[in-house]
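The primary structure of each chain is shown beneath.
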Amino acid sequence: MKKLHIVGIIVIAVAIGVIFVSLKNTSTYADFTEAISNPDKEFHVVGKLDRAQPQIYDPRVNPDEFLFSMIDNKGVMKQVVLHKSKPQDFEKSEQIVLIGKMQGDNFHANDILMKCPSKYNDGKSQIN
Amino acid sequence: MNSIEYVGERLWAGNLGNAFVVLSFVAALLSFFSYYISSKDRSLLQLARFAFNLHSLAVIGIISTLFFMLFNHFFEYQYVFQHSNKEMNMKYILSCFWEGQEGSFLLWTFWNVVLGLILKRQLKNGEWESPVMTVFSLVQVFLASMILGVYVLEYKVGSNPFLLLREHPDYNNLPMLQSATYVSKLNGRGLNPLLMNYWMTIHPPTLFLGFASTLVPFAFSIAALWNKQYTKWQAMALPWTYFGILVLGVGILMGGAWAYEALSFGGFWAWDPVENASLVPWLVLVAAGHTMIINKNKGGSLFTTHFLTISSFLLVLYSTFLTRSGVLGNASVHAFTDLGMTGQLVLYVLTFILISVALLIRDDLYRISYLVISFLLLAFATFYGYKKIILMGWISASAIVTGLSYYFYFPKEKEEEELFSREFWMFLGSLVLILSALIITYFTSIPVINKLFNTDYAPPKVPVYNTWMIPFTVVLMILIGASQFLKYKKTDSRKFLKRISYSFLLALVFGTVCSIPFYFLGNFSNAGSAEKWNLVSYALLLITALFAAIANADYFITVLKGKISKSGAAIAHVGFALLMLGALISTSKKVVLSQNTAERKVSSLGEGYDDKKSILLTQGDTLPMGPYLVTYSGQRREGIDVYFKVDYLKLNKDQKPEYEFSLEPRVQDNKRMNQKAPEPDTRHYLDRDIYTHVTYAIMDMDTSAKARNAFSSAKNYIGHVGDTIFSSNAIIVIDSLRSNLSKSEYEKNDSLLEVTAVLRCVDVRSREYYAYPQFIIKRNVVIPKEDIVEELGLKLVFWKVNPEDGTIEITLSEKQGNSRDFIVMEAYVFPYINVLWLGCLIMAIGTALAIIERIRKFRLLKE
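As given, the protein sequences belong to chains X and Z, one line each in that order.
Letter 28 of the first sequence, counting from 1, is numbered 28 in this note's numbering, and no numbers are missing.
Letter 323 of the second sequence, counting from 1, is numbered 323 in this note's numbering, and no numbers are missing.
Hints are supplied without guarantee of correctness; some may be wrong.
[What the hints assert, rightly or not] Simulated crosslink set (BS3-like; lysine-lysine; CA at most 30 Å straight-line):
(1) K3/X - K414/Z
(2) K613/Z - K92/X
(3) K48/X - K461/Z
(4) K232/Z - K3/X
Note that these hints are calculated values from the structure, not bench results.
Kindly generate the complete structure, drawing on both the sequences and the hints.
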């Protein structure tokens, strides 16, 4: 059984290795302040659309560029450049998760997740 | 409030349903206890069988009642109200049934009942009947409790599908429910339109049958530990394990096909937590199936097989917890809503871990100590808190106990494993599967880890999964390719190496020839180090997957001589290798057709940023897109779907565009879910798919004549003669100015002055139109006279002359109909994706053949 034991040890080492390496590279949830102090590192930033600021989407210039402003959960507002087409139903979004990093004065996002108020859940009382 | 006498409520249906719910729970409990006791006292066996039959009847009763209510629109019940409506086509009634959590639990319960009844017959009067059915009944107790909907102390146990709308906490304050005759006015909300397709009819039952079939090997495994008979069970569990592998595998792949055909993930696999939650138990079940075969042919691997069969069932429970407790939150697109059953689901998982670990301990004193300590910890956690620490401590301790049980209680092989033996390589393969299952579980559980350790890690994205999983697949492919040619126990290594070298060389040559243009010519030298690593791993996977496919095909032809009944394994492995090959090529060689021509701005942002992947198509214009010329010809609405028709043309020999095909990706304007959901449209060829979906479109364009003829707000322009003004459809040149009087004449006799601006409008086809707006001064009053170019939908007003600098001011307004409809679209080519689907089919056929052969052998063994 010696060979199997060696194999077993290799398996455990690889598992721990993967977990360790991937944890170092995993993006974390953060706010804009943290993203500003760590430019060029990717973060997930949660916030709300700032409806008072302009939104610019002109697909004639670039269909993969959409500008808007988001207020993070700490109340910090930043202009966001989303390098994707403008999401359908964007105005309805209740909560936004941006995946991207700070560069210059803007937060550059390569992906966006939105939570829209769904009629499916309205009036739902959460039981915890 | 309850003083209202409601008219027309069909309370009998709910009462009947609830009677069945209670009966199914009580009968499952009775079945559990009587089967448990009958393992020692066989006189209770009749009662136990009766109780299980009763439970089965009750489950069928619940399902029939709910179907009856859905069929007959009993909207006073919340489940019927929420999941169906009067207008709905009855072919979707099955989808309505399992759209909600309660219905999907019922589906699972139903399959368990079906499998339980088959097993009960199969094992009748044998020594396995009582213990196996005890496990089945216990699982049914838990599942039946999921739809009880009662409160024990302040905890809610289960969510009941027979709740009246006015009793449901989400709806009981609706004003319409205050009317005594509300029932007659009700209509349901209907099925979510996104789920109105045949996938929703076939995918959930297949997947849940797959989940249910993991219970069979688990029940045998637990029964064996309990009976202290560690070997016999495997022969009985083996066909069931492969049945589970087949059904669960098909269910998962159906999910992938659904995503590819009807959802706009942009592919067939997105590593979504819900997908992973069904993939992981499958991987572990496959590993279990292989260690069972090792055991059957050579003995050994007892502990591993127990560990894996138990794990695959526990992982099904764990994924139920992940997807239904709401713990995933933002991490998944389709996690179920939280029904407040998190505690119950956790208890469910923990109970079965407790039972499994306790049974692994062979020594009664230690076993009882483990149970007592666990209960004390549970009590402490419930009443005093420290839940997280106790939970983590208990799980770690249970893992250590499992390890110690293996060390002390399970027989060990005395001989060293042979390096060149089939069992060793199969065992390695199982380990690779377990390792990948472990890593996927870890990635998927990041939201759980965040809750436990108060961290804030984000769930990993698709490329992270791909990067980690490819190396494991490479190793797996080598093992799959080689191990067929190895014999059990000992193989002559020289013969073996010679035998596989043909397949290997063929794969190496062909794979390398393909890899060089695929991955290494082009921009390999410019790629970043992470990207280089990916490209190398693609090439390795290409070569090894080819090797696995060729070697197994070789084994099928030359060794098995094409004998179908013996070839299940070889065929299934060819299928799996093709599946991986198809997935690799279609993903790594995916071509973005919809490249836009905007100036690139994202290169400094590094990997993961791409602002060139979508294209703007304006109605009527023809644009080059990849090898095609594409024209967006307009939108049409059908019900809630808006279709966007895009025509594809290609230049023929004479360089003239020729029509090839049209695709109509659509966006579902889903009022019910309050969202606009894009659905792709795909053109299938034998060697490639052209996959398109609309990412942005203006869907509520008012296309009525009145709206199109209305002028939009005007824009003001100041300029000299010779200047140009741009409208959306023409260039307008201020050609000249004409006046009826000279300046001196006007100054002399204060009479009527008419200045006419001659505006030359040139449209995109170079046709010229003239507009003559006038600027009139009559007795010092300015009267501008507009002119309209009907052909272009332009209105021009000349309303000021500035004598100081000689400029004039003109306002331009355009008809609303001038702003043309447009869409933003993404289009990809997935090359050789049919290899993937072919692989799925071959794998399913191979697995089915293997099951038939196992059942045949098992029958022979019994006779």
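Right, here's what the structure says about each hint:
1. At roughly 13 Å between alpha-carbon atoms, K3/X and K414/Z fall within 30 Å of each other, so this suggested pair holds.
2. Distance restraint check for K613/Z and K92/X: the Cα-Cα separation of roughly 25 Å lies within the 30 Å cut-off, and the hinted pair is therefore satisfied.
3. Restraint check for K48/X and K461/Z: satisfied, since their Cα atoms lie roughly 22 Å apart, inside the 30 Å limit.
4. For a cut-off of 30 Å, the pair hint linking K232/Z to K3/X stands: about 27 Å separates their Cα positions.
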